[in-house]
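Participant: Sequence:
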Amino acid sequence: MSITFLCPSGHRLCAPEEQAETAVTCPICGHGTIVPRKSDCLAAASSSGVPAVEAMLGAAASPQPAAERRSEPVGPPPLPEQPEVVEPGKSEARVEDPAAPLAAKGLNGNGQRIGPRHAPPPLPVQRAARSPSRPRWARAWFDLVRPSADHSASDAYSPEQGKVQGVWWLAASLGLAVLFSAAPALAHRDLQLAPGWARAVLLIAVLQWFYIAWMAATPDWSTVRIVMMVFAGVSALYAVATAYALATPLDSPMPLGMGAIRSSLARWCGAVLLVMTLATYFCGRFSANWQRQWRLQAARNGRVLSS
Numbered sequence: 248m249s250i251t252f253l254c255p256s257g258h259r260l261c262a263p264e265e266q267a268e269t270a271v272t273c274p275i276c277g278h279g280t281i282v283p284r285k286s287d288c289l290a291a292a293s294s295s296g297v298p299a300v301e302a303m304l305g306a307a308a309s310p311q312p313a314a315e316r317r318s319e320p321v322g323p324p325p326l327p328e329q330p331e332v333v334e335p336g337k338s339e340a341r342v343e344d345p346a347a348p349l350a351a352k353g354l355n356g357n358g359q360r361i362g363p364r365h366a367p368p369p370l371p372v373q374r375a376a377r378s379p380s381r382p383r384w385a386r387a388w389f390d391l392v393r394p395s396a397d398h399s400a401s402d403a404y405s406p407e408q409g410k411v412q413g414v415w416w417l418a419a420s421l422g423l424a425v426l427f428s429a430a431p432a433l434a435h436r437d438l439q440l441a442p443g444w445a446r447a448v449l450l451i452a453v454l455q456w457f458y459i460a461w462m463a464a465t466p467d468w469s470t471v472r473i474v475m476m477v478f479a480g481v482s483a484l485y486a487v488a489t490a491y492a493l494a495t496p497l498d499s500p501m502p503l504g505m506g507a508i509r510s511s512l513a514r515w516c517g518a519v520l521l522v523m524t525l526a527t528y529f530c531g532r533f534s535a536n537w538q539r540q541w542r543l544q545a546a547r548n549g550r551v552l553s554s
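Just remember that the numbering used here sits 247 ahead of the position in the sequence shown, which is counted from 1.
Honestly, I wouldn't trust all of these hints.
What the hints assert, rightly or not - The calculated label-pair distances, taken between Cβ atoms and stated as ranges, are:
1. A430 / W461: 21 to 27 Å
2. R509 / Q412: 40 to 46 Å
3. A486 / H435: 21 to 27 Å
4. Q540 / L497: 40 to 46 Å
Derived from the structure by calculation, the hints contain no laboratory data. All values derive from a computational prediction rather than experimental measurement. Think of the CB as a built atom: it goes at the ideal place given N, C-alpha and C, for glycine as much as any other residue.
Make the full structure from the sequences, and use the hints.
Facilitator: Set out below in structure tokens:
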């Protein structure tokens, strides 16, 4: 047998007895309700003294407008205000929220049980990006050159004007030293006819001039130190040339066409070795003093220093 009951909006619904105490949805208004037991309907009818069908139908006995008997609308209608329904034999009966008993039983609006499968997925957790590991010296240098949050932009390191002018004077002095070392090779203007030693001297001089120009364009203690290393390497080359000129017998041939200048080769290489050694010393001293002042200034600004 079927059970006839009303939805919260007053629409007449029928359901088989097997669906008693189950949640269903009204196909007209879309509200959810629970199918009552037939015994409850009969008890309500006997207590009120009216037939069971009349007690269950109640407001449905009056003819409904055509707009309410139409099929389910295309779009979801706005939720109407829940009217108070007074059943026969009761002074007041307030219609409860149909979703409340469903939620208490763990059901959704369609009568389906809410389980772990229907639960929404957890929100993704955004983890902080980890910076790649750097060696200790790299971390110290990064902390040294990176402006900290509690320091303003005015605390950023900038070379003093006196140091910049000192770099320019040092660059001019080094340029003259390189010109002195390349003076014998400047007489051979045609490089195709020049001997091998003249080409080697000019190549070394051009390399030194390039580093000197780079140091003057970017004045810093680190660039001065790199130029010091370049001049130290050139000094080592001229030291080897001086020792080779002194140790080679007079009747032995010499490479790069240096046999034609055998008599003056040792004196010229020795003089250039002395000049390059002095240039290396002055570059190293200037760079060391500048670096020491830079570390003191960084320590006053409260930054991390690396030994």
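Participant: Each of the hints needs a verdict: does it hold here or not?
Facilitator: Hint check:
1. A430 / W461: 21 to 27 Å: holds, 23 Å
2. R509 / Q412: 40 to 46 Å: About 44 Å separates the Cβ atoms of R509 and Q412, which means 40 to 46 Å holds.
3. A486 / H435: 21 to 27 Å: holds, 24 Å
4. Q540 / L497: 40 to 46 Å: Since the Cβ atoms of Q540 and L497 sit about 53 Å apart, the hinted range of 40 to 46 Å is violated.
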